[in-house]
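Colleague: Chains A and B supply the protein sequences, listed in that same order. Sequential numbering from 1 applies to the first sequence in the UniProt record's numbering. Sequential numbering from 1 applies to the second sequence in the UniProt record's numbering.
Calculated from the structure, these hints are not laboratory results. Just so it is clear, CB atoms sit at the ideal spot from N, CA and C, and this is done for glycine as well. Just so you know, not all the hints are guaranteed correct.
Unchecked claim - Short, incomplete list of chain B residues facing chain A, as computed with Cβ under 8 Å:
| hint | residue |
| --- | --- |
| 1 | 66 |
| 2 | 68 |
| 3 | 71 |
| 4 | 112 |
| 5 | 137 |
| 6 | 151 |
Said to hold, decoys possible - Residues of chain A placed beyond 10 Å of chain B at every Cβ, according to the derived structure:
| hint | residue |
| --- | --- |
| 7 | 58 |
| 8 | 72 |
| 9 | 107 |
| 10 | 151 |
Said to hold, decoys possible - The calculated label-pair distances, taken between Cβ atoms and stated as ranges, are:
| hint | chain 1 | residue 1 | chain 2 | residue 2 | range |
| --- | --- | --- | --- | --- | --- |
| 11 | B | 159 | A | 56 | 32 to 38 Å |
| 12 | B | 175 | A | 104 | 33 to 39 Å |
| 13 | B | 164 | A | 144 | 35 to 41 Å |
| 14 | B | 159 | A | 127 | 31 to 37 Å |
| 15 | B | 167 | A | 90 | 37 to 43 Å |
| 16 | B | 133 | A | 145 | 52 to 58 Å |
| 17 | A | 66 | B | 164 | 27 to 33 Å |
| 18 | A | 59 | B | 159 | 53 to 59 Å |
| 19 | A | 173 | B | 120 | 33 to 39 Å |
| 20 | A | 90 | B | 163 | 34 to 40 Å |
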Amino acid sequence: MFCLSELEDTVRVPPSDLNLPLEVAIKKALQKLFLDKVLSIGLCVSIYGIKSIEGGFVLPGDGAATYKVRFRIVVFRPFVGEVIAAKFKESDSNGLRLTLGFFEDVYVPAPLIPTPNRCEPDPYNRNQMRWVWKYGDDEFIIDDSCQIKFRVENISYPPVPTERAEDAKPFAPMVVTGTIDDDGLGPVSWWEACAPISDDED
Amino acid sequence: MRGALPNWGLTKGKGNWFHALVSSPASRHDQKNYIPTSFFDHHQKNITYLFSPIKSHKTVRMKANAGTLTNFEVLDLLNSRGASNDTTRVIAPISTSEYTRLHVVYDYLMETPACTQTLEIITNFSDQCKYFKLAKAEILNIINTRPSSTVNLAPILEEPSERGIDKKAKEGILKLVEALLPPPPIVEARGENEEEETEEGEQS
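Produce the entire structure from the sequences given, and follow the hints as far as they go.
Modeller: Structure representation (structure tokens):
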């Protein structure tokens with residue numbers, strides 16, 4: 001799920017930070033640049049460590065020092081085929097949306113939900129649709145009663161839209177598409193004899 | 001209807017095998033040359049320059065994948081940054097957004113089997129796994145999800161029948177998981193979870 005990536009970048013340390021120890025100041029600047037941002041390699045979670053720092057030149061007309069830094073970051077980037085446990089977030093007629101807490105754009109489109117299934121308006125929540133899997137004589141509901149395991153099918157990085165409708169969903173720079181159409185996938189309670197894990201949100 | 005499983009390039013693995021590092025706990029993350037328990041990457045062929053979307057200058061990507069981390073290693077890293085301390089304590093070098101982000105990731109990882117693992121456990125486990133000729137991606141999956149039954153193991157193994165992994169081998173893998181990997185936490189009331197990492201999984 002997580003990888004280390006080694007990057008080299010030019011970092012500008014603002015003059016207000018120049019009284020801090022060098023590594024601390026550079027780390028602060030790196031965090032501001034990379035933390036929580038989606039690069040083409042994935043979602044940056046944390047700065048792992050700095051490998052080397054060069055430079056420290058002050059460019060003319062600028063009070064800040066510029067360093068060339070080589071460092072490693074921890075990125076969230078699942079590989080295709082990875083099985084991940086997530087929580088149910090919402091569902092609609094196109095499919096499900098799952099969340100990992102720190103990453104909320106996991107989508108399971110309708111074709112990747114086990115068939116035969118049906119989608120019905122959720123009796124508990126008027127705005128949502130609920131997906132139900134019919135297997136033999138039993139019907140299994142997909143809801144937030146327990147963790148949902150899915151397998152990563154694809155990761156895409158949609159380009160930044162130039163214009164959107166007013167009420168469109170917030171732009172997701174990284175989208176993970178998953179499937180729950182296989183043995184052992186889907187809500188954990190479908191496959192285990194023990195009681196479903198309660199979703200305890202504080 | 002089952003979709004075709006993607007080909008992970010399993011059969012011809014090249015490069016570094018998993019090498020174990022025995023060292024002191026979290027301080028190893030501060031060493032500049034620490035290489036994590038590195039599973040061979042799947043993305044190394046895509047070494048191109050990347051344009052950071054935030055700034056206009058070029059960020060040179062030296063290595064897109066300098067090592068895949070198991071959930072346990074990331075949890076270990078977060079612990080060494082102090083994320084396990086209670087929420088009221090703020091650590092000076094960490095900025096607010098990193099703190100929040102670390103906590104969210106930490107909370108997620110504490111609900112996975114990673115919170116009961118140690119480095120010795122996972123290195124031991126993957127050494128033992130080579131008898132079953134599993135791909136590195138599959139071993140990573142097993143360590144992260146700790147399957148407890150055949151049906152949980154099924155989505156992890158790709159084309160088991162073609163590779164000669166029969167029912168007996170699957171049971172062997174599950175026995176290994178039972179014996180070496182401690183059971184995952186029971187997520188009922190999060191505040192009551194034990195944070196100690198156990199050495200050996202005691203199976204009742």
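Colleague: Quick one: work out the minimum CB distance from residue 72(A) to chain B and report holds if it exceeds 10 Å, violated otherwise.
Modeller: violated (6 Å)
Colleague: Quick check on the hint: residue 71(B) CB to chain A CB, less than 8 Å?
Modeller: Holds: closest Cβ of chain A sits about 6 Å from residue 71(B), inside 8 Å.
Colleague: Under 8 Å is the threshold here; is the Cβ of residue 66(B) close enough to any Cβ of chain A for the hint to stand?
Modeller: holds (4 Å)
Colleague: Closer than 8 Å between Cβ atoms is the bar; does residue 151(B) clear it against chain A? Give me holds or violated.
Modeller: Holds - the Cβ of residue 151(B) comes within 8 Å of chain A, reaching about 5 Å at its closest.
Colleague: Within 27 to 33 Å: is that where the Cβ-Cβ distance between residue 66(A) and residue 164(B) falls?
Modeller: Hint violated: Cβ distance 57 Å, outside 27 to 33 Å.
Colleague: Kindly confirm whether 33 to 39 Å is satisfied by the beta carbon distance between residue 175(B) and residue 104(A).
Modeller: Taking Cβ atoms as reference, residue 175(B) and residue 104(A) lie about 37 Å apart, which means the hint holds.
Colleague: Please check whether residue 133(B) and residue 145(A) have a Cβ separation lying inside 52 to 58 Å.
Modeller: Taking Cβ atoms as reference, residue 133(B) and residue 145(A) lie about 37 Å apart, which means the hint is violated.
Colleague: At the C-beta level, are residue 167(B) and residue 90(A) separated by a distance inside 37 to 43 Å?
Modeller: holds (39 Å)
Colleague: Does the interface hint hold: is residue 137(B) within less than 8 Å of chain A, judged Cβ to Cβ?
Modeller: Given a least distance of 6 Å, the restraint on residue 137(B) holds.
Colleague: Within 34 to 40 Å: is that where the Cβ-Cβ distance between residue 90(A) and residue 163(B) falls?
Modeller: holds (38 Å)
Colleague: For the hint 31 to 37 Å, verify it against the beta carbon of residue 159(B) and that of residue 127(A).
Modeller: This hint is violated: roughly 41 Å between Cβ atoms.
Colleague: Far enough from chain B: is every CB of that chain over 10 Å from the CB of residue 151(A)?
Modeller: Violated, because the least Cβ-Cβ distance between residue 151(A) and chain B comes to about 5 Å, which does not exceed 10 Å.
In summary, the numbered hints that this structure violates are 8, 10, 11, 14, 16 and 17.
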